[in-house]
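Colleague: First to last, the protein sequences are chains A and B. Position one of the first sequence corresponds to residue 1165 (our numbering), numbered consecutively onward. Position one of the second sequence corresponds to residue 1165 (our numbering), numbered consecutively onward.
Quick caveat, the hints were computed from the structure, so don't treat them as lab data. Please read all numbers here as calculations on a predicted model, not as lab measurements. You may find that some hints are simply not true.
Identical copies go unnamed one by one, so any copy, or any two together, can satisfy a pair.
What the hints assert, rightly or not - In silico DSS-like pairs for lysine-lysine, Cα to Cα no more than 25 Å straight-line:
{"hint": "1", "residue 1": "Lys-1274", "residue 2": "Lys-1177"}
{"hint": "2", "residue 1": "Lys-1208", "residue 2": "Lys-1423"}
{"hint": "3", "residue 1": "Lys-1335", "residue 2": "Lys-1423"}
{"hint": "4", "residue 1": "Lys-1274", "residue 2": "Lys-1191"}
{"hint": "5", "residue 1": "Lys-1416", "residue 2": "Lys-1241"}
{"hint": "6", "residue 1": "Lys-1177", "residue 2": "Lys-1270"}
{"hint": "7", "residue 1": "Lys-1191", "residue 2": "Lys-1360"}
{"hint": "8", "residue 1": "Lys-1191", "residue 2": "Lys-1270"}
{"hint": "9", "residue 1": "Lys-1241", "residue 2": "Lys-1274"}
{"hint": "10", "residue 1": "Lys-1301", "residue 2": "Lys-1167"}
{"hint": "11", "residue 1": "Lys-1270", "residue 2": "Lys-1241"}
{"hint": "12", "residue 1": "Lys-1335", "residue 2": "Lys-1274"}
{"hint": "13", "residue 1": "Lys-1411", "residue 2": "Lys-1301"}
{"hint": "14", "residue 1": "Lys-1191", "residue 2": "Lys-1167"}
{"hint": "15", "residue 1": "Lys-1335", "residue 2": "Lys-1191"}
{"hint": "16", "residue 1": "Lys-1301", "residue 2": "Lys-1416"}
{"hint": "17", "residue 1": "Lys-1167", "residue 2": "Lys-1335"}
For reference, the chains in residue letters:
2 protein chains.
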Amino acid sequence: MTKEALYQQILAKQSYLCVGLDSDQEKIPSRFHSETDPVLAFNKFIIDQTADLCVAYKINTAFYESNGVAGWETMAKTLEYIPQNIYTIADAKRGDIGNTVHQYAKAFFKTLEFDSITVAPYMGKDSISPFLEYPNKWVILLALTSNPSSADFQFLNVDTNQTQLFEQVLKTSQEWTTDEHMMYVVGATQADMLQKIRTIVPDHFLLVPGVGAQGGSLQEVSQYGMNKQVGLLVNSSRGIIFSENPKESARKLQQEMAKYLEDYHKN
Amino acid sequence: MTKEALYQQILAKQSYLCVGLDSDQEKIPSRFHSETDPVLAFNKFIIDQTADLCVAYKINTAFYESNGVAGWETMAKTLEYIPQNIYTIADAKRGDIGNTVHQYAKAFFKTLEFDSITVAPYMGKDSISPFLEYPNKWVILLALTSNPSSADFQFLNVDTNQTQLFEQVLKTSQEWTTDEHMMYVVGATQADMLQKIRTIVPDHFLLVPGVGAQGGSLQEVSQYGMNKQVGLLVNSSRGIIFSENPKESARKLQQEMAKYLEDYHKN
């Protein structure tokens, strides 16, 4: 999917919501347990309930791999069920040497036809490049994550002592490709950093996990993170899929987003 | 597998060789193409040829995921075929928030019964901890990788300007668990750094990729990397599995290793 197509979808739906299909088999409602593939049945239900309210689905590969071969099959069938015009993210956090990354690119962009994959930056440019050879496919690079231990390394000062590692990741990786092929993961629980991040990457889309269960504020994220093509995908996983009424939970976020989009266009 | 069991296996086989099953479907010999599962048949052949000469097998998940559901099945069956007393590594380079890592731990330590998994350090301690809850299972943390772009971030000076990021990863992560549950990936093409690394982590096992196709020197790695419980797993993938005679290629490395083990015990 192109950046323009994603932007148009956001305007049409008045939403920059990404629904995370972290479909833990042990947490899905009991009414799905009797299905042949309970997680697939659950995912179809969630997609039916939310497809009009979100612009992206994020499939966290861990929740499928934990069920082995059967789980990988559930993932493939879930991806097939997602409507063509919705942006899809393999939240796989891969990263390896070039030779190996060619295989991951094939796995997630060809065998499975995701629009994008999340990737860890530690191994540098050549661990990303093979993903960028696919037209209209995206790398979503981990910059600042929302977990408590993100500080272990991401906040280390590098070289001049005035740049933190996550900022250096943003600066260096910008040179690898354009904002038509790369987004960044930016943890919402540190929304005060969004302003700083926007000075480094004004034009890129940011994938913001951690709104909801992880405690981030949608208001802050929207205020500090939005740019002229919106530039945000805000993810909610457990807060939607395991809520009593997934449709209403998604709608609530979408309506809040519609308000921020309106505010933004007023200013 | 315990550290002691691994050490005893190394002494018994006079080998610290790890064979990397990077079994690219497009590169396996044509005589396997007519098999129901060509990659599985190839892997069984490689395991039969090398099981007496190596102490570990490393399965690079990318080469299986690229074939989707069928590939994941090949991986599971390959793992089952590996003799129980040989150490197994899921070279998966995972890493995520705690909630998700519990699922990866289940995927690779329970659904699939690997002894260890490679993990990226970028997200810090809580992205590793769930793996450490499994007794006799191991995290193999990326410290210094062997690809050219490893310099993009791993060589950045952090804080005092006298410690590089990969050294800080070694220092910080040492506090997360013991050398009975953690190893480090250290790229062999930078063997001159092994001496430095051994001052930081004298007791840990190091998994050294990049001997052979990636150009590292086994002699240098052994000279600078060995410790009193050997402390090395040296991996060769393409250099063995796609050679004309995998058994002989593995034996050549094993015999060189036997010599270094003898030298080490003399000194």
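Colleague: Quick one: which hint numbers does this structure break? Sort them smallest to largest.
Modeller: 1, 2, 3, 5, 6, 7, 12, 13, 14, 15 and 16
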